[in-house]
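Protein chains in written order, with this note's numbering: chain A, 1 to 417; chain B, 1 to 192.
Calculated from the structure, these hints are not laboratory results. Take these hints with a grain of salt, some might be off.
[Stated by the list, open to error] Label-pair restraints from in silico Cβ distances:
(1) B/His79 with A/Ala221: 17 to 27 Å
(2) B/Glu82 with A/Arg357: 45 to 55 Å
(3) A/Gly323 with B/Glu154: 57 to 67 Å
[Stated by the list, open to error] 25 Å max Cα-Cα, derived DSS-like pairs, lysine-lysine:
(4) A/Lys3 with B/Lys163
(5) A/Lys240 with B/Lys56
(6) B/Lys163 with B/Lys129
(7) B/Lys171 with B/Lys129
(8) A/Lys240 with A/Lys230
(9) A/Lys3 with B/Lys56
(10) B/Lys85 with A/Lys43
(11) A/Lys394 with A/Lys361
(12) A/Lys311 with A/Lys361
(13) B/Lys56 with A/Lys242
(14) B/Lys85 with A/Lys361
(15) A/Lys361 with A/Lys342
(16) B/Lys56 with A/Lys361
Glycine included, every Cβ here is placed at the ideal spot set by N, Cα and C.
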Amino acid sequence: MLKQTEGSRAIAQAIALCRPEVICAYPITPQTHIVEALGEMVKSQELGRCEFINVESEFAALSVAIGASAAGARTYTATSSQGLLFMAEAVYNAAGLGLPIVMTIGNRAIGAPINIWNDHSDSMSMRDAGWIQLYAETNQEALDLHIQAFRLAEELSCPVMVCVDGFILTHAYDRVDIPDQGAVDSFLPPFEPRQVLDPSEPVTIGAMVGPEAFTEVRYLAHHKQLRALKLIPQLSSAFKAKFGRSSGGLIRGYRVADAETIVVALGSVNGTIQEVVDEMRDAGAKIGSVSICSFRPFPLAAVRDTLHRAKRVVVIEKCLAVGLGGIVSDGVRKALSGIVLKGYTVIAGLGGRAITRASLKQLFEDATNDELEQVTFLDLNADIVQHELEREAKTRRPGPTAEAILRRVGTVASQIG
Amino acid sequence: MFQVRIHGRGGQGVVSGAEMLSVAAFTEGRYAQAFPSFGSERMGAPVMAFCRIDEKEIRLREPVLNPDALIIQDPTLLHQVELFKGLHPSGYMLINSSRGFAELGLAEFVRGFHSNRLRTVAATELAVKHVGRPVPNAALLGGFAALSGQIHIESLAAAIRDKFPRAVAEKNVAAATEAHALVSRSMEAQVA
Numbered sequence: 001m002l003k004q005t006e007g008s009r010a011i012a013q014a015i016a017l018c019r020p021e022v023i024c025a026y027p028i029t030p031q032t033h034i035v036e037a038l039g040e041m042v043k044s045q046e047l048g049r050c051e052f053i054n055v056e057s058e059f060a061a062l063s064v065a066i067g068a069s070a071a072g073a074r075t076y077t078a079t080s081s082q083g084l085l086f087m088a089e090a091v092y093n094a095a096g097l098g099l100p101i102v103m104t105i106g107n108r109a110i111g112a113p114i115n116i117w118n119d120h121s122d123s124m125s126m127r128d129a130g131w132i133q134l135y136a137e138t139n140q141e142a143l144d145l146h147i148q149a150f151r152l153a154e155e156l157s158c159p160v161m162v163c164v165d166g167f168i169l170t171h172a173y174d175r176v177d178i179p180d181q182g183a184v185d186s187f188l189p190p191f192e193p194r195q196v197l198d199p200s201e202p203v204t205i206g207a208m209v210g211p212e213a214f215t216e217v218r219y220l221a222h223h224k225q226l227r228a229l230k231l232i233p234q235l236s237s238a239f240k241a242k243f244g245r246s247s248g249g250l251i252r253g254y255r256v257a258d259a260e261t262i263v264v265a266l267g268s269v270n271g272t273i274q275e276v277v278d279e280m281r282d283a284g285a286k287i288g289s290v291s292i293c294s295f296r297p298f299p300l301a302a303v304r305d306t307l308h309r310a311k312r313v314v315v316i317e318k319c320l321a322v323g324l325g326g327i328v329s330d331g332v333r334k335a336l337s338g339i340v341l342k343g344y345t346v347i348a349g350l351g352g353r354a355i356t357r358a359s360l361k362q363l364f365e366d367a368t369n370d371e372l373e374q375v376t377f378l379d380l381n382a383d384i385v386q387h388e389l390e391r392e393a394k395t396r397r398p399g400p401t402a403e404a405i406l407r408r409v410g411t412v413a414s415q416i417g
Numbered sequence: 001m002f003q004v005r006i007h008g009r010g011g012q013g014v015v016s017g018a019e020m021l022s023v024a025a026f027t028e029g030r031y032a033q034a035f036p037s038f039g040s041e042r043m044g045a046p047v048m049a050f051c052r053i054d055e056k057e058i059r060l061r062e063p064v065l066n067p068d069a070l071i072i073q074d075p076t077l078l079h080q081v082e083l084f085k086g087l088h089p090s091g092y093m094l095i096n097s098s099r100g101f102a103e104l105g106l107a108e109f110v111r112g113f114h115s116n117r118l119r120t121v122a123a124t125e126l127a128v129k130h131v132g133r134p135v136p137n138a139a140l141l142g143g144f145a146a147l148s149g150q151i152h153i154e155s156l157a158a159a160i161r162d163k164f165p166r167a168v169a170e171k172n173v174a175a176a177t178e179a180h181a182l183v184s185r186s187m188e189a190q191v192a
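Chain A extracted, bound-state conformation (with noise of 0.2 Å):
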């Protein structure tokens, strides 16, 4: 059924559509109309026998996730941000312990400075963890990899983030269809776990692990992410033959058959990068992109395959590796291990800052005319960050940066772009 809604409530709905039996979370801006819907739905009993745990922390909501999927219950949470960090003991256990929880990323910055607005911060610090990472493109394809989320983390036992720009997708109405019960339920079925707490068959889960065996278990989880790079694409299709649309998958090339510059990126900024595309190559320029669903498993072959005829390649990531540049460049520069190309790094969109299209079409143009620094940060205003390396040079104590910047850069509450 088509319907005009929020991003959060089309992802509740798809939640719903998947039978869950537990949920937990804990609120976070700007997750909280997630969970917010899932909460009401549970209270008009929309959703049957399931529960949803109020906890006090993200802690205690991933803990309780954890037990949850370990006695053998459907399992969903979600959170953004500081709450994902405050979690991070757990999101490693999850993995660890090999339970298919799904958790949705509302994608947002971390501080300090305190920032409640989108980058992809929140999960690529997680990107280690051991979960399986897809991003959505539109709340059309969020919606979609909740359902291929838990059929992917159950034929597996490993939990699953789905990551969603937050804001811009989770605050964005948008048209969306919305599938019905019967065809989510003949595409997922019921939950049977491949290890379950069980008082009648008992079991351990969690034991400790010594030098003996911790690389042989670490590998399987490594090799369980290997078979996700083939499991990922066959739920894709499966998904479309199903519900007649393309989501998922590992990645997706947008006008790349004769691309010389090929624009890679994770997201809902896909969009606005294949409109800047589709303008310059109305132009005559040989622009395509990339869209990165699936980061982990990061998809080394598809991205080859994809982006080895090119000329250059420019990244553009929500996410500053301090002292580096960019994480994803890392991926994609593996994947073209061996291949002479030219290969761009640009930061843009932290904690909010609007990605727009005069300011990618003038970074790919300089991109195509090899005018770009290794590592670009997009929009920069050089002027503030001048002033402020002046003014901390000159004096011992020249106090905290952040507040400093905001006195100069002054009222911002009128700002459009």
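Given the coordinates of chain A, assemble chain B onto it according to the supplied hints.
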């Protein structure tokens, strides 16, 4: 693609206004995308929301930088430097006020604009009259429907009913309907 930017203050239903506009356009079979400016969500603080309407899927995710229409829910924002940013003289502008553009000190600014694309409507007064609270968003959307022709009042009414519980919805529909009639009459008067 038709792009709308709504300016107001926290608590005036700016975000809900953009959402209802998108639902109205969706009801008419078009694609629409509404989203807030993600600023600090405090009562009284300046707030922006955006709505895009198109015949095809909308991929663009940047804020509305070049609006085809501005809806200004609070005339005390008129001094803001960037309020009119990106608005072309061929654009539409609807301001919540009982006064006209000249009285608001905008005569000079709107020289060169199409006068039949500029209107003010006393939306807060209409909201107080029909809803009993100073929430001008529904009335302004009614006025916008008449001014721009982008949506029909019937689809707007459906969107309002989709957003609010029944009793509140009907009051807002009444406010929107009266604003629509006022702006329609004013435009017909200009044509005549």
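Taking the hints in turn, this is what the structure says about them:
Hint check: B/His79 to A/Ala221, Cβ distance near 59 Å, so the stated range 17 to 27 Å is violated. Judged by the Cβ atoms, the range 45 to 55 Å given for B/Glu82 and A/Arg357 is violated: they are separated by roughly 18 Å. Distance hint check for A/Gly323 and B/Glu154: the Cβ-Cβ separation is about 58 Å, which falls inside the suggested range of 57 to 67 Å. Taking the CA atoms of A/Lys3 and B/Lys163, the gap is near 13 Å; set against the 25 Å cutoff, the hint holds.
For the proposed pair A/Lys240 and B/Lys56, the alpha carbon gap of about 21 Å is at most 25 Å, so the pair holds. Distance check on the hinted pair: B/Lys163 and B/Lys129 sit about 20 Å apart at the alpha-carbon level, within 25 Å; holds. Between B/Lys171 and B/Lys129 the CA atoms are separated by roughly 9 Å; this keeps the pair inside 25 Å, and the hint holds. The hinted pair formed by A/Lys240 and A/Lys230 meets the criterion: a straight-line CA distance of about 16 Å does not exceed 25 Å.
A distance of roughly 15 Å separates the Cα atoms of A/Lys3 and B/Lys56; the hinted pair therefore holds under the 25 Å criterion. Among the hinted pairs, B/Lys85 with A/Lys43 is inconsistent with the structure: their alpha-carbon atoms are about 45 Å apart, more than 25 Å. In summary, the hint linking A/Lys394 to A/Lys361 is not supported, as the alpha carbons are separated by about 38 Å, beyond the 25 Å threshold. Between the alpha carbons of A/Lys311 and A/Lys361 the distance comes to roughly 18 Å, so the proposed pair stays at or under 25 Å and holds.
Note on B/Lys56 and A/Lys242: the hinted pairing holds, with a Cα-Cα distance of about 24 Å set against a maximum of 25 Å. The suggested pairing of B/Lys85 with A/Lys361 holds, with an alpha-carbon distance near 20 Å, which does not exceed 25 Å. About 18 Å separates the Cα atoms of A/Lys361 and A/Lys342, which keeps this hinted pair within 25 Å; it holds. Pair hint B/Lys56 plus A/Lys361 holds up; C-alpha atoms about 22 Å apart against a cutoff of 25 Å.
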